[in-house]
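Each chain, written out:
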Amino acid sequence: MTSRSVFPKITPPPGGLDRLRRRMRVREEAAPRAWWPRLVPVGSVALAAAIVLIVVARRNVDPFAAARSFGGPSEVALGLARSPSDAVTLAGESRETGALVRVPTGDPHVAIYMVGTLE
Amino acid sequence: MVDTRESAALDEAQLERLYVKLEARIVNVVYRWVWSAEEAQDITQDAFMKVWSMRESVDVATVEALLYRTAVNMASNRRRKRKLWGLFGLDTIAEPTSLAAAPDEGLETARSSARVRAAIDALPEKLRSVVVLSELSELPYEEIGAILNIPEGTVASRRNTALKRLAEALGGLEEASP
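Here the protein sequences come in this chain order: A and B.
So the first sequence is numbered by the numbering used here: it starts at 1 and just counts up by one.
So the second sequence is numbered by the numbering used here: it starts at 1 and just counts up by one.
I should point out that these hints are in silico values taken from the structure, not numbers from a laboratory.
Owing to the predicted nature of the structure, the values given are computational and were not obtained by experimental measurement.
By construction, the Cβ of each residue, glycine as well, lies at the ideal position given by its N, Cα and C atoms.
No incorrect hints appear here.
What the simulated footprint calls covered on chain A by chain B, stretch by stretch (three residues with Cβ under 8 Å from a Cβ of chain B suffice, anywhere in the stretch; the number is not a length): (1) 2 to 9; (2) 16 to 23.
No farther apart than 35 Å at their CA atoms in a straight line, the calculated lysine-lysine pairs in the DSBU-like style are these: (3) A:K9 / B:K126; (4) A:K9 / B:K50; (5) B:K83 / A:K9.
Throw the hints in and build the complete structure from the sequences for me.
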């Protein structure tokens, strides 16, 4: 047996070049366009949102100052804010003849006082 | 030979010329891994498509070696996968297709073809790639060495070892007369 008979040459099936050309054409037609431009708008929005979040999260907010400015019942109870009624006093003659009554309201930011006279 | 002086990047016409030049040789090489002419041609085409897909970075001067290397690697991978699938009964190595009809010489009987195939199959990968490339690619040892990334001397010694093993398996082997 010779090495030639051990390695007999086969003939490839016909039409190989045409098939290769078709495959190349299909590949070219199906080649995706650059994908990154499509991400630019989405990326810009995401970046802007991330920046806003970072800025907001990093702002130094003093919780006590916030509580004081809010001044709700809870903050008053905790001693962080004064009761709105503390600041309200009658002046002058009214102090002798009047009375101040706080009217309950549903909104902690709103304080309504009723002033009555004793005369 | 493809003219490498005009441009560095591989163009379509160059690839087609390469295909015409190399198709039969690469199919013959790959055939010794998959034992199916159709599958060998598929793998050859896959190798060309792979090289085409990376044409921007391909050095035209070494593209032939790259095509052979790609095809041999693909064939080897395909064979390995088949063996793996075969373990689970999902696939088997294809039977030789029309081997008796395909060779130009037409000397092989079905029995001797099977013996030859078994002998080549029994060669380790590194011996098989050397002996198949040296017998069928028509490339000098230097270029086979470049394809397989081994020195020229190693190509010669592996070829001798491979032929010796084939001779043992087939009960003698003579060098073909030119």
